[in-house]
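Throw the hints in and build the complete structure from the sequences for me.
Okay, here's what each chain looks like letter by letter:
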Amino acid sequence: MTIKFSAVLLGASLMIGASAQAAVIGGLSNSVVLEDFENLENLGFITTGPVALAAGQVIATSNVIATYDSLPVDLGSNGAWGTDGYVGIGDYYNFSTTPSPTDSLTFTSLAGLSSLGADFSIYQDEFTTEDLLLEALSYDGSVLESTLVAIAFQDPASYNRSAFYGFARASNDIFGLRVTGDGFVIDNLSTAVVPEPGALPLLVSALGVFFGLRRKKSQ
Amino acid sequence: MKGPKHPKNDITINPSGNPSIYDVIDGIEATRRSFISTAGKASIAASLAGVYSSTIMHTAQAAPLPASLGFGGIGFDSLPPKLAPVANTVNVPAGYKVEVLAAWGQPIMPGGQDWNPNVAQQGAAEQEKQFGMHCDGMHFFPFSTRRGPSNDRGLLCVNNEYTDEVQLHADGPQVASTPSTVSLAKTRKSQAGHGVSIAEVRKTANGGWGVVRDSVYGRRITANTPMHISGPAAGHSLLMSKLFDITPTGSVDTGAINDGFTAFGTHNNCAHGYTPWGTYLTCEENWNGNFGWNTGDAAVTDPSTANGQVRYGVTAAGFAYNWHLTDPRFNARTNPLEPHLYGWVVEIDPADPTSVPVKRTALGRFKHESAQTAISRDSNNNLRVAYYMGDDERNEYVYKFVAAGIYSTTNRAANRNLLDSGILYVARFTSAVGNSNKTYRGEWIALVPDAVSVIPNGNGGFFKLRELTQFGAVANGVANTNDADALALILIKTRQAADAVGATMMDRPEWTALRTYGNGWGYSTTNATGLGYNAQYPLELYLTLTNNNRRGGGGTISVNSPNGTTAAGGARPPVDLANPRPDNDFGHIIRWREDGNMVTATGFEWDIFALCGDTATAKTLAGNYQNANLVGGVAGTGAFYQGNIVDAPNGSADLGAPDGLWFDQFGRLWIQTDQQGDAGGDFNNIGANCMACADPNTGEIRRFLTSPRNCEVTGVVNTPDGKTMFVGIQHPGEDAPVSNPLQNSTWPQSQFSKNSAGEPLALVPDAGNPNIKVEAPVGAPVRPRSSVLVITRTDGGVIGA
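Residue numbers (my numbering), protein chains in the order written: chain A, 1 to 219; chain B, 1 to 801.
A hint or two may mislead.
Not the full set, but computed from the structure, chain B residues with beta-carbon under 7 Å of chain A [said to hold, decoys possible]:
{"hint": "1", "residue": "PHE143"}
{"hint": "2", "residue": "SER144"}
{"hint": "3", "residue": "ARG153"}
{"hint": "4", "residue": "VAL216"}
{"hint": "5", "residue": "ALA351"}
{"hint": "6", "residue": "ALA413"}
Just so you know, these hints were derived from the structure itself, not from any lab. Please read these numbers as outputs of a predicted model, since none were measured by experiment. Don't be surprised by glycine CBs; every beta carbon is placed ideally from N, CA and C.
What follows is the structure in structure tokens.
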């Protein structure tokens with residue numbers, strides 16, 4: 001768990017790229033943390049997934065190796081992350097992966113949700129500002145909406161400082177959250193409501209996404 | 001390690017006098033061979049000793065060395081020896097910059113206070129949040145960044161081996177006969193000065209390096225920190241010592257006993273190790289010296305426990321810490337099982353400040369020096385991890401632990417308990433000719449219940465370990481059929497097990513180092529996980545054997561009894577091929593290559609990399625030693641003390657008592673010394689302690705760093721890019737009297753007023769207003785402080801290149 005400095009910190013920038021419906025959110029009321037990355041059965045491993053999160057309600061996959069751990073990460077002017085479980089793009093264990101702006105990590109929910117977000121931070125230095133692309137996904141993996149966010153704390157002495165971003169929609173049609181960027185970490189995957197198993201067709205379609213990913217990986 | 005509170009390793013002398021039945025020297029026929037490519041140099045050196053005047057030797061600067069296969073070359077000019085009277089400075093070659101990163105008392109965690117030069121004004125509570133005393137082995141765990149491991153920021157884990165009670169307390173050590181000097185407060189401060197410091201360090205705005213004072217990672221592990229015990233010996237009844245309630249005001253006997261899975265604290269840890277899964281290993285070495293007992297305390301009745309205290313050097317006086325006077329937990333007679341909770345390798349996760357350190361019993365119980373990790377493929381092409389370890393006392397042994405499990409490169413969690421199961425081996429260096437030129441064979445003997453000892457069973461064979469009473473047999477020959485119990489006893493009594501199987505007594509095994517070939521730890525063809533050791537890039541380990549004045553005599557020749565009854569450091573073994581010189585004052589460095597380049601090998605080939613010594617010495621062997629050596633495999637005389645260090649001009653980089661040993665990621669071998677610190681006696685030509693750099697291909701050595709007075713140089717690691725090196729200076733100014741703690745040294749204050757980050761090293765009352773603290777100037781009368789140095793090149797290049 002981390003202290004959230006983020007809720008309205010960058011309120012203005014939150015809206016960059018947001019749809020006219022302003023479904024991109026900088027915070028959640030009555031939020032429920034689905035996954036805090038503290039007690040994963042396999043905390044301490046690196047993988048592209050799939051990884052079961054939130055007691056199996058959420059599946060995480062990534063297009064490059066991601067680290068599920070609490071190893072310290074230097075995020076430049078955004079401070080350091082560590083002593084606190086997270087998932088981060090890149091192999092923070094053996095250093096065999098150099099993240100790039102096209103790296104992505106996707107959370108797929110087995111049930112439709114009306115809101116989904118998380119705490120984010122990303123490597124920043126004094127030379128460039130790295131944006132984070134967030135996309136809300138439909139049951140078939142298509143993009144419902146997206147936003148670009150810039151996280152820049154300018155506080156290299158800080159620890160575990162993060163900003164919350166997510167999506168809130170009128171119906172339970174969010175089945176995934178895809179995050180794309182260069183050297184980011186994610187903690188406290190959250191929703192505003194306790195997810196309940198959706199109607200059977202929804203669940204089946206979500207599982208289809210999951211197994212589709214597995215097949216893709218095995219190929 | 002030296003010092004008044006430190007093991008002289010000659011204070012528990014009780015030669016068994018038993019004849020050797022397992023001497024490795026069963027014949028000296030290998031007259032054609034020599035140990036290293038510079039064969040004969042020792043004798044040449046001896047003959048030339050008179051040619052080089054001390055003036056020439058001490059001013060000549062050896063040339064840099066070119067790079068060669070798996071070796072990055074040496075680009076600095078060798079420093080001259082720092083002769084007596086030793087200046088209280090650290091010196092490095094031209095083009096290098098040396099600064100203090102952290103000195104004893106540096107605050108390293110939230111709430112930590114600045115060190116107070118008036119040591120009476122700070123106690124255990126302050127010390128527990130400050131960098132501990134007498135730094136030793138260390139490892140740097142870089143933070144991750146977007147582009148790989150950070151070269152700017154990370155966690156520095158440092159052993160704080162021991163305390164100099166003269167410097168720690170305003171009134172000096174606790175003396176039993178002087179009650180006014182004895183207090184629990186002093187014991188607690190001493191205990192807080194021991195252990196491990198975990199400090200977050202990073203480059204600073206001024207271009208230097210500094211400790212992040214309020215880091216969430218800052219942590220002190222002390223002699224009282226709660227710990228787990230795991231592995232095969234965990235839970236054994238011999239680990240169930242008295243349970244004390246440990247508080248700042250006392251250690252109160254609760255009347256209960258520990259559960260065998262719990263221990264408190266770690267102390268007197270010299271060297272260290274690390275794991276590829278990101279944890280730190282701190283190795284309990286001179287833990288025995290912190291125990292003691294009072295006159296009149298009833299002797300230990302259990303003969304096995306009593307013998308164990310003799311074998312491990314637990315004595316009434318210890319090393320005069322006298323903790324037991326106020327902390328009965330450390331009374332080895334009234335709490336006789338407590339020593340069994342020490343002598344282990346302790347694993348610490350520095351990335352988790354709330355983690356509980358774990359004592360890993362599978363790696364054996366002895367006076368651990370370093371634990372050097374190595375990884376290779378096994379015969380099934382699985383990645384396996386091993387630890388190479390020395391037992392630092394005269395006539396003790398070399399060990400290897402091979403983890404049973406397969407090392408995972410993708411699952412850190414799966415590796416977390418790798419150190420709980422596997423096989424502990426002990427080395428026997430034989431005189432059998434090796435397959436390679438100029439080498440001999442060696443064997444790894446598994447210390448398991450069915451291992452065959454060298455003790456005859458009367459039926460033409462030999463007892464197994466499980467058939468010996470010290471490992472649970474009711475009587476010799478009646479096997480202990482409880483495998484778990486037998487293994488636990490073997491691990492708790494590792495020294496006795498090694499005695500029984502006929503391991504080779506060595507000249508004080510110190511640090512082990514894994515040879516690298518320019519690509520991090522170990523050899524790989526593509527990355528850190530594709531290990532590809534082969535004939536060209538062999539899996540090769542180096543080991544310092546620092547000295548042994550009991551080798552080859554000085555009294556009646558004797559060996560460690562196979563029955564495990566010889567007192568620590570008590571024997572006077574004959575010379576052998578692996579320890580070829582009598583009265584080995586200057587020590588040597590041995591190395592071996594594992595068969596098949598696998599850590600799982602049970603055989604190896606060895607040779608001696610360097611015999612340390614003083615080219616110009618005129619010292620001759622005393623009459624009570626065997627007047628012969630086995631240098632070059634030939635029984636001969638002469639060249640006892642000159643050594644065969646390869647340098648140019650000859651003698652320009654001589655060193656003695658090698659201790660710290662480490663390969664950087666570019667294949668350079670760094671050697672640190674722990675010898676007489678005032679450049680007197682045997683070291684009047686070699687000078688003060690130093691750190692040298694060697695070419696493993698040729699044996700050529702260059703002197704890189706010279707130390708202040710009465711210290712040792714110990715602990716070295718660098719950042720992943722090799723451009724920042726951290727080096728430890730331990731116990732500067734030791735042997736000072738209580739009446740004048742500053743007598744021998746005030747280093748680092750004698751050289752610096754600020755640390756690398758630009759902060760004052762010491763704050764002292766302003767002359768005009770004692771209520772204001774100001775920076776103490778260079779040369780101010782401040783107590784000497786063990787410190788970690790940060791060394792960089794002024795051109796930003798790689799250290800050593």
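At a threshold of 7 Å, is the proposed contact between ALA413 of chain B and chain A supported by beta-carbon distances? holds (4 Å)
Restraint check, 7 Å cut-off on beta carbons, for SER144 of chain B near chain A: holds (4 Å)
Does ALA351 of chain B pass the interface check with chain A, least Cβ-Cβ distance below 7 Å? The hint holds - ALA351 of chain B has a Cβ within 7 Å of chain A, the shortest such distance being about 5 Å.
Report holds or violated for the interface hint on ARG153 of chain B, using the least CB-CB distance to chain A and a cut-off of 7 Å. With a closest approach of 5 Å, the ARG153 of chain B hint holds.
If you take the shortest Cβ to Cβ gap from VAL216 of chain B to chain A, is it below 7 Å? Check passed: Cβ of VAL216 of chain B comes within 5 Å of chain A, closer than 7 Å.
Interface hint check: PHE143 of chain B, Cβ to nearest Cβ on chain A, cutoff 7 Å. Holds or violated? At 4 Å from the nearest chain A Cβ, PHE143 of chain B passes the 7 Å test, so the hint holds.
Hint violations for this structure: none, all hints satisfied.
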